[in-house]
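2 protein chains.
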Amino acid sequence: MNPTIELLKSHRSIRKFTDQKIPRELLLELVRAGQAAATSSHIQAYSVIHVTDPAKREMIAELAGGQGYIASCSDFLVFCADMKRPTEASERTGAKVVRGMTEQLLVASVDAALMAQNVVVAAESEGLGICYIGGIRNNPQQISDLLALPDHVYPVFGLCLGYPAHDPDVKPRLPVEAVLMENTYREDLAPVADFDATMHRYYSERSGGNKDTDWSRNLQPLFDTKLRPHMRDFLVKRGFEMK
Amino acid sequence: MNPTIELLKSHRSIRKFTDQKIPRELLLELVRAGQAAATSSHIQAYSVIHVTDPAKREMIAELAGGQGYIASCSDFLVFCADMKRPTEASERTGAKVVRGMTEQLLVASVDAALMAQNVVVAAESEGLGICYIGGIRNNPQQISDLLALPDHVYPVFGLCLGYPAHDPDVKPRLPVEAVLMENTYREDLAPVADFDATMHRYYSERSGGNKDTDWSRNLQPLFDTKLRPHMRDFLVKRGFEMK
Chain R
1 MNPTIELLKS
11 HRSIRKFTDQ
21 KIPRELLLEL
31 VRAGQAAATS
41 SHIQAYSVIH
51 VTDPAKREMI
61 AELAGGQGYI
71 ASCSDFLVFC
81 ADMKRPTEAS
91 ERTGAKVVRG
101 MTEQLLVASV
111 DAALMAQNVV
121 VAAESEGLGI
131 CYIGGIRNNP
141 QQISDLLALP
151 DHVYPVFGLC
161 LGYPAHDPDV
171 KPRLPVEAVL
181 MENTYREDLA
191 PVADFDATMH
201 RYYSERSGGN
211 KDTDWSRNLQ
221 PLFDTKLRPH
231 MRDFLVKRGF
241 EMK
Chain L
244 MNPTIELLKS
254 HRSIRKFTDQ
264 KIPRELLLEL
274 VRAGQAAATS
284 SHIQAYSVIH
294 VTDPAKREMI
304 AELAGGQGYI
314 ASCSDFLVFC
324 ADMKRPTEAS
334 ERTGAKVVRG
344 MTEQLLVASV
354 DAALMAQNVV
364 VAAESEGLGI
374 CYIGGIRNNP
384 QQISDLLALP
394 DHVYPVFGLC
404 LGYPAHDPDV
414 KPRLPVEAVL
424 MENTYREDLA
434 PVADFDATMH
444 RYYSERSGGN
454 KDTDWSRNLQ
464 PLFDTKLRPH
474 MRDFLVKRGF
484 EMK
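Protein sequence lines, in the order shown, are assigned to chains R and L.
Just so you know, we're using my numbering here: the first sequence kicks off at 1 and counts up by one.
Just so you know, we're using my numbering here: the second sequence kicks off at 244 and counts up by one.
So that you can see chain R by itself, here it is in the shape it has in the complex:
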């Protein structure tokens, strides 16, 4: 296993950060490393908002469900799917542009994710810790207002960056056999059951025996209500009509 693969496999989310600040030049380098990721048809359908205003950071921490490390980490980035820049660039060359296709939502969301993951790997290679913040989709309209995001741009997730002040364990993942299949999709419940046993031990050990749950049981709050039911209307309103 080479050091890069070792680095990838040692990822864990960091939610406590020291006061040390990330140098500006390093932050730029991380974003450039992000931009080097593959991008669908060279479209680069993303923008990154670096939130440096402490008041905005506090508000986002609140809007994302009370995640204080959004305010306390060294740097907080909001990764946006951005179809405004490429469509308007194309319009300036005289193209009659079609907007609002479902495919465009996927392209821009995936582009933003590939780019962000490169930023994460680059950050971790420099000893930084990170935490993705999907919680900004709890209140995407308020986040968009706060950051003055125009139509055809939506906030996909946030990212906390900073120097780690704790050292959490790596969280187990499904066995590779559950996820990797050959030629056709096949469902194998045995590795999922094994994983539930692994996660049950994991939660039990970390809680001194007080947390009686596993992977499958832990998913319930994600699925037994309508997850972020505002997302459809929000996206449509912002020009991602999913046609």
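Some hints could be false.
Pairs of lysine-lysine residues, derived as DSS-like cross-links and limited to a Cα-Cα distance of at most 25 Å, are as follows [as the list claims (entries may be wrong)]:
#: 1; chain 1: R; residue 1: LYS96; chain 2: L; residue 2: LYS454
#: 2; chain 1: R; residue 1: LYS96; chain 2: R; residue 2: LYS243
#: 3; chain 1: L; residue 1: LYS339; chain 2: R; residue 2: LYS211
Across the chosen pairs, the derived CB separations fall in these ranges [stated by the list, open to error]:
#: 4; chain 1: R; residue 1: GLY65; chain 2: L; residue 2: LYS469; range: 30 to 40 Å
#: 5; chain 1: L; residue 1: GLU430; chain 2: R; residue 2: LYS96; range: 19 to 29 Å
#: 6; chain 1: R; residue 1: SER207; chain 2: L; residue 2: PRO411; range: 50 to 60 Å
Rather than coming from a laboratory, the hints here were simulated on the basis of the structure.
All values derive from a computational prediction rather than experimental measurement.
The beta carbon of each residue, even a glycine, is placed where N, CA and C say it ideally should be.
Using the hints, position chain L against chain R.
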């Protein structure tokens, strides 16, 4: 710049591969490195189909618009957004599961993308070359039939992996100033114009002066027709209703 960041910044798509095969154990290691990526609420909403059947590879190459390297690369993976595994795991614990939310489509698509990008970085760290294949969304229903994908699973993109048989240049990216903004979205057309000049030179040099285009002009075929207009109906039919 450390070696990992250097690696990230040296990415380019590889479309010609030697006959050398990737050892099975290395392929597994790449997928495990992928699984180590962050995942929304630990949901791991992805499956990876390793297509080893040469006839299927040929058919996918055709369905993706005649991309022969899908058949000729060492290994071809299809990354799927998979809401079947987590929702059914939750149902087995007694949860009343809600499906088809727009948010769930985003979560699973982003999860698959973060995972894939880790696979890519791991692969490139081992000297492999890769090429993402968005073209599998040209014919997602046929691809789904070929791989026997069930409902609540959709193919997001493919990935060619193998040992490079050519050494293309790194393709330029937008200046970081075009993409990174502070506190609010702001549109700055100057770096986009600079980038068009860069890409004009890039295409001109690589074509011996025969290719007169740039980034903005190159986007036209992406936007002047309805891009993959089947995607909405396809996703709805497969259980991603975008509610």
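Taking the hints in turn, this is what the structure says about them:
no. : hint                            : result
1   : R:LYS96 x L:LYS454              : holds, 22 Å
2   : R:LYS96 x R:LYS243              : holds, 17 Å
3   : L:LYS339 x R:LYS211             : holds, 22 Å
4   : R:GLY65 x L:LYS469: 30 to 40 Å  : holds, 37 Å
5   : L:GLU430 x R:LYS96: 19 to 29 Å  : holds, 21 Å
6   : R:SER207 x L:PRO411: 50 to 60 Å : holds, 51 Å
Hint compliance for this structure: every hint is met.
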